[in-house]
Amino acid sequence: DAKTTQPPSMDCAEGRAANLPCNHSTISGNEYVYWYRQIHSQGPQYIIHGLKNNETNEMASLIITEDRKSSTLILPHATLRDTAVYYCIVRVLNTGNQFYFGTGTSLTVIP
Amino acid sequence: GAVVSQHPSRVICKSGTSVKIECRSLDFQATTMFWYRQFPKQSLMLMATSNEGSKATYEQGVEKDKFLINHASLTLSTLTVTSAHPEDSSFYICSASGTSGGSYQETQYFGPGTRLLVL
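These protein sequences, in sequence, are chains S and C.
Be aware that the first sequence starts at 1, since it is given in our numbering, and climbs by one per residue.
Be aware that the second sequence starts at 1001, since it is given in our numbering, and climbs by one per residue.
None of these hints come from the bench; they were simulated from the model.
On a predicted model such as this, the values are computed, not experimentally measured, just so you know.
Careful: at least some of the hints might be erroneous.
Distance condition first, Cα-Cα at most 20 Å in a straight line; then the derived DMTMM-like pairs of lysine to aspartate or glutamate [stated by the list, open to error]:
#, chain 1, residue 1, chain 2, residue 2
1, S, 3, C, 1059
2, C, 1041, C, 1088
3, C, 1041, S, 82
4, S, 52, C, 1106
5, C, 1041, S, 11
Sequences are here, hints too, so could you generate the full structure?
This is the structure we're talking about:
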């Protein structure tokens, strides 16, 4: 699976949009981009995933560049409960394929 | 939907004893389950992949005789830490992917984790 690079930490003001970047320059054509987050002492929570088109759900939006070498997760109106470590993972879409977690970005939402 | 549970949520045991952790998919059938370990301030490390009815596949460096994994049904996998020692103290997390063709096949859903402390 392709390696991802994320900034180790970011701050965001409450109510503002949080934009979390991820670089995956060696991504293959059949690898999807997944985002998870982990709130302290809990299991990771699925946020969103996509292949090449931008995706949006009730939690966030995923913007993937045209060359697919990077992506941005957008939390449109960050709240204090969004404070967590956010992980960007790329993997082939298949039930049996593993996720390998990198170090992620620690997002702190500031009141 | 896509709820995964773990039991127990935390366990304290004496060195040398064995501890079993259960992982259940509550509202979908999980063809594949995964086990991770996480040490404080570190990322999740994949330990093993288990398919229902088959032997688990362990990641390099993970002792299969120490971390016994059983995936006997499409909704239950167990991890047994045998002869636990203080260095096995960690946060153990499972995840599950749904059956091929189903709505839960595309991603993994994680349990809440089990915190193990070996004295």
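These are the hints, each one checked on the structure:
no.	hint	verdict
1	S:3 - C:1059	17 Å, holds
2	C:1041 - C:1088	16 Å, holds
3	C:1041 - S:82	18 Å, holds
4	S:52 - C:1106	15 Å, holds
5	C:1041 - S:11	18 Å, holds
This entry satisfies every hint, going by the numbered hints stated previously.
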